[in-house]
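Protein chains: 2
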Amino acid sequence: MTLSPLAPDSFPRLPSISGVELGTAAAGIRKSQRTDLLVAVVAPGTSVAGVFTQSMCPAAPVEWCRRIIETGDGTARALVCNSGNANAFTGKAGEVSTELTAVTVASILGVPADSVFVASTGIIGEPMPDDRVTAAIPGLLSGLATSESGGWEQAADAIRTTDTFSKGAHAPVPGTGASVVGIAKGSGMIAPDMATMLGFVFTDLGIAPEILQESLTASVNKSFNRITVDSDTSTNDTVLLFATGAGAEAPIVSTDDPRLSAFQGALEAVTLDLAQQIIRDGEGATKFVAVKVTGAASEESAAAIARSIANSPLVKTALAAGDANWGRVVMAVGKSGQPANRDKLAIWIGPEQVAASGTVLDGYREGAATAHLALDEIEIKVDVGVGDHEATVWTCDLTHGYIEINAGYRT
Amino acid sequence: MTLSPLAPDSFPRLPSISGVELGTAAAGIRKSQRTDLLVAVVAPGTSVAGVFTQSMCPAAPVEWCRRIIETGDGTARALVCNSGNANAFTGKAGEVSTELTAVTVASILGVPADSVFVASTGIIGEPMPDDRVTAAIPGLLSGLATSESGGWEQAADAIRTTDTFSKGAHAPVPGTGASVVGIAKGSGMIAPDMATMLGFVFTDLGIAPEILQESLTASVNKSFNRITVDSDTSTNDTVLLFATGAGAEAPIVSTDDPRLSAFQGALEAVTLDLAQQIIRDGEGATKFVAVKVTGAASEESAAAIARSIANSPLVKTALAAGDANWGRVVMAVGKSGQPANRDKLAIWIGPEQVAASGTVLDGYREGAATAHLALDEIEIKVDVGVGDHEATVWTCDLTHGYIEINAGYRT
Numbered sequence: 007m008t009l010s011p012l013a014p015d016s017f018p019r020l021p022s023i024s025g026v027e028l029g030t031a032a033a034g035i036r037k038s039q040r041t042d043l044l045v046a047v048v049a050p051g052t053s054v055a056g057v058f059t060q061s062m063c064p065a066a067p068v069e070w071c072r073r074i075i076e077t078g079d080g081t082a083r084a085l086v087c088n089s090g091n092a093n094a095f096t097g098k099a100g101e102v103s104t105e106l107t108a109v110t111v112a113s114i115l116g117v118p119a120d121s122v123f124v125a126s127t128g129i130i131g132e133p134m135p136d137d138r139v140t141a142a143i144p145g146l147l148s149g150l151a152t153s154e155s156g157g158w159e160q161a162a163d164a165i166r167t168t169d170t171f172s173k174g175a176h177a178p179v180p181g182t183g184a185s186v187v188g189i190a191k192g193s194g195m196i197a198p199d200m201a202t203m204l205g206f207v208f209t210d211l212g213i214a215p216e217i218l219q220e221s222l223t224a225s226v227n228k229s230f231n232r233i234t235v236d237s238d239t240s241t242n243d244t245v246l247l248f249a250t251g252a253g254a255e256a257p258i259v260s261t262d263d264p265r266l267s268a269f270q271g272a273l274e275a276v277t278l279d280l281a282q283q284i285i286r287d288g289e290g291a292t293k294f295v296a297v298k299v300t301g302a303a304s305e306e307s308a309a310a311i312a313r314s315i316a317n318s319p320l321v322k323t324a325l326a327a328g329d330a331n332w333g334r335v336v337m338a339v340g341k342s343g344q345p346a347n348r349d350k351l352a353i354w355i356g357p358e359q360v361a362a363s364g365t366v367l368d369g370y371r372e373g374a375a376t377a378h379l380a381l382d383e384i385e386i387k388v389d390v391g392v393g394d395h396e397a398t399v400w401t402c403d404l405t406h407g408y409i410e411i412n413a414g415y416r417t
Numbered sequence: 007m008t009l010s011p012l013a014p015d016s017f018p019r020l021p022s023i024s025g026v027e028l029g030t031a032a033a034g035i036r037k038s039q040r041t042d043l044l045v046a047v048v049a050p051g052t053s054v055a056g057v058f059t060q061s062m063c064p065a066a067p068v069e070w071c072r073r074i075i076e077t078g079d080g081t082a083r084a085l086v087c088n089s090g091n092a093n094a095f096t097g098k099a100g101e102v103s104t105e106l107t108a109v110t111v112a113s114i115l116g117v118p119a120d121s122v123f124v125a126s127t128g129i130i131g132e133p134m135p136d137d138r139v140t141a142a143i144p145g146l147l148s149g150l151a152t153s154e155s156g157g158w159e160q161a162a163d164a165i166r167t168t169d170t171f172s173k174g175a176h177a178p179v180p181g182t183g184a185s186v187v188g189i190a191k192g193s194g195m196i197a198p199d200m201a202t203m204l205g206f207v208f209t210d211l212g213i214a215p216e217i218l219q220e221s222l223t224a225s226v227n228k229s230f231n232r233i234t235v236d237s238d239t240s241t242n243d244t245v246l247l248f249a250t251g252a253g254a255e256a257p258i259v260s261t262d263d264p265r266l267s268a269f270q271g272a273l274e275a276v277t278l279d280l281a282q283q284i285i286r287d288g289e290g291a292t293k294f295v296a297v298k299v300t301g302a303a304s305e306e307s308a309a310a311i312a313r314s315i316a317n318s319p320l321v322k323t324a325l326a327a328g329d330a331n332w333g334r335v336v337m338a339v340g341k342s343g344q345p346a347n348r349d350k351l352a353i354w355i356g357p358e359q360v361a362a363s364g365t366v367l368d369g370y371r372e373g374a375a376t377a378h379l380a381l382d383e384i385e386i387k388v389d390v391g392v393g394d395h396e397a398t399v400w401t402c403d404l405t406h407g408y409i410e411i412n413a414g415y416r417t
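Same order as they appear, the protein sequences are chains A and B.
No gaps in the numbering here: position 36 of the first sequence is 42 in the numbering used here, and each next residue is one more.
No gaps in the numbering here: position 123 of the second sequence is 129 in the numbering used here, and each next residue is one more.
Do not rely on the hints blindly, as some may be mistaken.
Because identical chains cannot be distinguished in the list, a pair is counted as satisfied if it fits within a single copy or across any two copies.
Claimed, not checked - Below, in silico cross-link-like pairs of lysine to aspartate or glutamate (EDC-like), each with a Cα-Cα straight-line distance of 16 Å or less:
hint, residue 1, residue 2
1, LYS37, GLU306
2, LYS298, GLU154
3, LYS298, GLU216
4, LYS98, ASP349
5, LYS37, ASP79
6, LYS350, GLU410
7, LYS98, ASP368
8, LYS228, GLU216
9, LYS298, GLU372
10, LYS37, GLU69
11, LYS37, GLU385
12, LYS228, GLU372
13, LYS228, GLU410
14, LYS350, GLU216
15, LYS228, GLU274
16, LYS37, ASP262
None of these hints come from the bench; they were simulated from the model.
Here chain A stands alone, though its shape is the one from the complex (with noise of 0.2 Å):
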């Protein structure tokens, strides 16, 4: 596969975090001999949140997550994620997979199976050959490493699937000697041939799991939440957070505690780092674009109109091709049903202003326009004038490579 051309130069060196041990292998779930196994054993008494994909229709290990996380005591011992099969509409025998490898990983740890994380992605549909996923495990788990930055790039390396490029990303803690490192995974918003949004994420601070929680959702809901490629949406997607407590610094149990805005902050960093590395990944992307609204009603509604234009097939194929079509931008905004002034309404492409009061600006220089349109990183702003919110949404071109690699048999 081609690497994405707006993928970053390298891997980032990604710091150790105490209390979390990796190892891989290669299972023989994917076709490919490559690796397709990912195992995290966590310290005794970390917390665990977890944001998890709306559909309808969720693979079977979403419903366990979310079962152990509703039921659980909001700690976790261990991640197992697999790629090259999704486990998603399955049936009885997908629960039963799911259960088994946690099963499986609990055992020999001596530890409960609820508090074993199990994720999956890859083709829909097919059965899990879960006797390849326990078979590797006891060899993977005798072989644990501490988490550096060599076992973090393949880690993220294990979980890939249409992904040109591993996927990682850390911040440190200001004020305390804490850091966020996370991993993902994702190309497509989500091809169910292959694809999927996972995010995993860890830190070496000790968190209450309710604080977690809110954490997580925050920072998803303005990353994760806020990229798309082709608005479709996976039955797998998942995004789990660690907390191990295992470094040096005293946990955090109430929302008073001053170090957890620089938590957040950290944890912020990282997921929306590792979202945006999702957008450089699209497939068929040759363009990362920053969809800014302003003067919106709320944020939600900025960020919903926002997501209507970074969504619109004819915002996105003008885009590929360089196209100033500012029309097609106001046709997103009317589309997405959300409060705007068409008679307030301004455009700006990159830093040219195209419109402004419901028409084209005089003396908008549409050469400017496409001069920025040029660009790997472009911006489209458009203020709607009905209020102060504003929300960025990011997303990427829709090309003939999309069309290619999506309308290929699958192999």
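Put chain B on the given structure of chain A with help from the hints.
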């Protein structure tokens, strides 16, 4: 422009509608020298009904029509429609242009301005050359012809933009001497550069305006609102229905009139035929696709699920490739957010059942499904297992041709 491979063999022979006179002209609104202006003058006492775009940023003519329907007495005397310029996002000047057009027609005909309906389709955000419209109107009005088959085709031709063929349809009203005739345009569900969906339908029955509006709303919900090319929504979408009452039949003034259901059937046949012709002219379309959802909680829910499948870029690219990728169908059911029982889900590709009880069917023959997908006209059926309501949405595949048409520079 190459004729769509899904185009009908020919424009249908359409009957004359008493009380409708037609005229077309090349007014120079479009860059190329071709007809771009249509006037239809209807008999005194003609009832009118309309359905318009849901866009929050509608074009000036849409606002004009909406207003004269709301404030008027339910009758109309003329329709003026231009192609080449949408008069959308043109600020106050756009409103003045629309009114000027209506007033010009009204003053020559000696009728109130608010009995003259205006529609526009074409490029967004460029000033409307209303001087060319008003200059062409006197000649047009002095040269009107009764509506007969050739006239309908010319009328359908004058409102085309990116359409590769003219669209017309008709149906007799059983048990009466009356007919319903309609013309339409549209190829992308919208390409705001040049396209939008317009439908103009005429009958020689007389029908009270409030009854006519109910009839039109019901029939649009089952036809124009059940098609999608690319999920995008025009600023200009307009469907108008005129009932001249100039035929031999007594008017329908009560919903108890037994002829009303016959009329409704004819109207629905005409609007569905026109809507399906728009799909047959979908930008880059190579396949005409019916997506049928059964077993839903309500008809609206069934339609929402069908629309989610029909709009999914991943489903549409798979159909373009003839790939029986039913996993993407599951994904699209899931992302609709509508009630569905994953473990009762059943899927058919043409006559071949693919999945039952939430997993792939034993004995499913992928070859048979692939053979169906090689046809020009294909059907995807999904039973979501929660109720007994159903709906069908029509769409087309997503091909390199769509990218080609929409990623070109404006010229």
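Hint by hint, here is what the structure shows:
1. For a Cα distance limit of 16 Å, the shortest separation of LYS37 from GLU306 qualifies neither inside one copy, at 42 Å, nor across copies, at 42 Å.
2. Taking CA atoms no more than 16 Å apart as the test, LYS298 paired with GLU154 passes in neither setting, with 36 Å inside one copy and 52 Å between copies.
3. Proximity of LYS298 to GLU216 under the C-alpha cut-off of 16 Å is found in neither arrangement, the shortest distances being 32 Å within a copy and 43 Å between copies.
4. Taking the shortest alpha-carbon separations for LYS98 and ASP349, only the inter-copy value of 8 Å comes in at or below 16 Å, while the best intra-copy value is 55 Å.
5. When the C-alpha separation of LYS37 and ASP79 is checked against a cutoff of 16 Å, the pair qualifies neither within a copy, at 38 Å, nor between copies, at 69 Å.
6. Proximity of LYS350 to GLU410 under the C-alpha cut-off of 16 Å is found in neither arrangement, the shortest distances being 40 Å within a copy and 33 Å between copies.
7. When the C-alpha separation of LYS98 and ASP368 is checked against a cutoff of 16 Å, the pair qualifies only between copies, where the shortest distance is 15 Å, while the shortest distance within a copy is 63 Å.
8. For the homomeric pair LYS228 and GLU216, neither the shortest alpha-carbon distance inside one copy (19 Å) nor that between copies (47 Å) is at most 16 Å.
9. With identical chains, the CA atoms of LYS298 and GLU372 are never at most 16 Å apart, being 20 Å at best within one copy and 44 Å at best between copies.
10. Within a single copy, LYS37 and GLU69 get their C-alpha atoms no closer than 26 Å, and across copies no closer than 58 Å, so neither meets the 16 Å cut-off.
11. Taking the shortest alpha-carbon separations for LYS37 and GLU385, neither the intra-copy value of 40 Å nor the inter-copy value of 31 Å comes in at or below 16 Å.
12. For the identical chains of this complex, LYS228 and GLU372 are neighbours neither inside a copy (32 Å) nor across copies (41 Å), given an alpha-carbon limit of 16 Å.
13. Taking CA atoms no more than 16 Å apart as the test, LYS228 paired with GLU410 passes in neither setting, with 31 Å inside one copy and 34 Å between copies.
14. With identical chains, the CA atoms of LYS350 and GLU216 are never at most 16 Å apart, being 43 Å at best within one copy and 35 Å at best between copies.
15. For the identical chains of this complex, LYS228 and GLU274 are intra-copy neighbours only, at 8 Å inside a copy versus 45 Å across copies, given an alpha-carbon limit of 16 Å.
16. Taking the shortest Cα distances, LYS37 and ASP262 never come within 16 Å of each other, neither inside one copy (50 Å) nor across copies (66 Å).
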